[in-house]
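Student: Sequence:
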Amino acid sequence: MTGRGSGRKARRARGRLAHPGGRGGGSPKAPAAFVVGVYCVAAVVTGVALLYTVARGLDDAAVAVAFGLLVAVGELARWSGGEDREPAPLGAAGALAYALLGAKAGDSTHHGVLQVVAVAVAGALVGCVPHVARGRGPSPDHMARRVLTVWFAAACFQPLYNQGKLAEWFGDGAYYALLIAGLLALTGLCDAVLAAAMAHARTGWPFGPLLRDEMRSMLGIGSAVCATGAVMALAVAVAGLWALPVISLPLLLTQLAFRRYSAVKATYRQTIASLARATEIAGYTPHGHAHRVAALSRAIGRDLGLSGPDLTVLEYAALMHDIGQLSLVDPVRDGATAGLPLAQQRRIALLGGAVVRQTGVDSQVAVVVERLADPYREQPLTARIVRTANAYDEMARGAGPQGPLAALEGLRLATGKEYQPEVVEALARVVECRGGPKGLR
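Numbering (this note's numbering), first residue to last: 285 to 725.
Keep in mind the hints are simulated off the structure, nothing from the lab. One should not assume that every hint holds.
Per label pair, the in silico range of CB-to-CB distance [as the list claims (entries may be wrong)]:
1. 610 / 511: 18 to 24 Å
2. 462 / 389: 18 to 24 Å
3. 567 / 327: 52 to 58 Å
4. 571 / 627: 26 to 32 Å
5. 503 / 697: 56 to 62 Å
6. 701 / 571: 55 to 61 Å
7. 477 / 454: 22 to 28 Å
8. 457 / 335: 37 to 43 Å
The beta-carbon is built from N, C-alpha and C at its ideal position, and this holds for glycine as well.
Let the hints inform the model, and build the full structure from the sequences given.
Tutor: Next comes the structure, spelled out in structure tokens:
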């Protein structure tokens, strides 16, 4: 590091930096004030809704119990996929349908906003009991967002419906159906913004890519949730509560399909991770090197604004960046390819890309691996990130407590020649602010 400012930064970081491979990485970042505020608002809304409903009793009790049971069944059917935006789609659809329910078999309902929240929360709590008992309960983020999105949808619809304004403005035909669909789309958009804002507050990653990820997820299971919620509300208004099990079946089948898709993705990633371990088993790279580089690369990519498919390509390329070393007659000492002659680095990179292509992995991953030894100005951003993360792990490994600081200093001295300055600074932010990349997703 150079300059007095960098020296002060180094002294502040000295007590925090830990090598990614030691002491289990860094601890998760504490929830930011915004996230705590969201939790508090959701808790207040929940408490007021439950107290009000218990004190006043249920309006249209049969309808409330039916939708409460639907939400509970949806929670029972939840899955615990690590990156799934909505692990309980049937529960979410049922809660949103109740929030936008105006009639049952032609008869107007009279439940209000607070009763909607109380029924949705009660059903969710009942349904998630078995999951909590197994230690797989819903995350606080999901619960807080569920409460606030249901509250928002009900607040937009119930007061106007109960006052007769919606019937006056939209009637009960096609315009009314479009209103329901529009409110659900608006609710989904608000949920995406809230989820991205909470992730931004907790991690510091750029808000734009996080929002794009959330919006992209709405095209999958999110659109199914909104569509099912709209159809439920409209079908119950015409046919009564018998419509609920009929409408629920397609979403349950969709949920099953998404669960299988998630399982396929998990298996695919495990296969790539197993291939990445081949160099460790053969003694060409140190234990855990590929996974540390992958975790660092993904965190750097997030910090630089990458999202979705780009992050997946980045992670897979980082896992397999050393696979070309299997072509060497003798292993490189400590697997440190960054110090090899440029011609040998390029040979390893090209052979690694050829191996990746033979595995059937996305060709974009092979391109990143093949270009790891190119001059950084000619590389795609993903290759620059993997190259920097790999060099950091090689330089910091085994250098004692000062290894991370020395590695960052070495990378900064080589910026503009071997490494992109913006990538190195993103690496410094990831390591210094988060205490290491382990577990950062």
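Student: Hint by hint, note whether the structure agrees.
Tutor: Hints, one by one, checked against the model:
{"no.": "1", "hint": "610 / 511: 18 to 24 Å", "in the structure": "49 Å, violated"}
{"no.": "2", "hint": "462 / 389: 18 to 24 Å", "in the structure": "22 Å, holds"}
{"no.": "3", "hint": "567 / 327: 52 to 58 Å", "in the structure": "54 Å, holds"}
{"no.": "4", "hint": "571 / 627: 26 to 32 Å", "in the structure": "28 Å, holds"}
{"no.": "5", "hint": "503 / 697: 56 to 62 Å", "in the structure": "45 Å, violated"}
{"no.": "6", "hint": "701 / 571: 55 to 61 Å", "in the structure": "31 Å, violated"}
{"no.": "7", "hint": "477 / 454: 22 to 28 Å", "in the structure": "26 Å, holds"}
{"no.": "8", "hint": "457 / 335: 37 to 43 Å", "in the structure": "38 Å, holds"}
Comparing the model with each earlier hint shows violations of hints 1, 5, 6; every other hint is respected.
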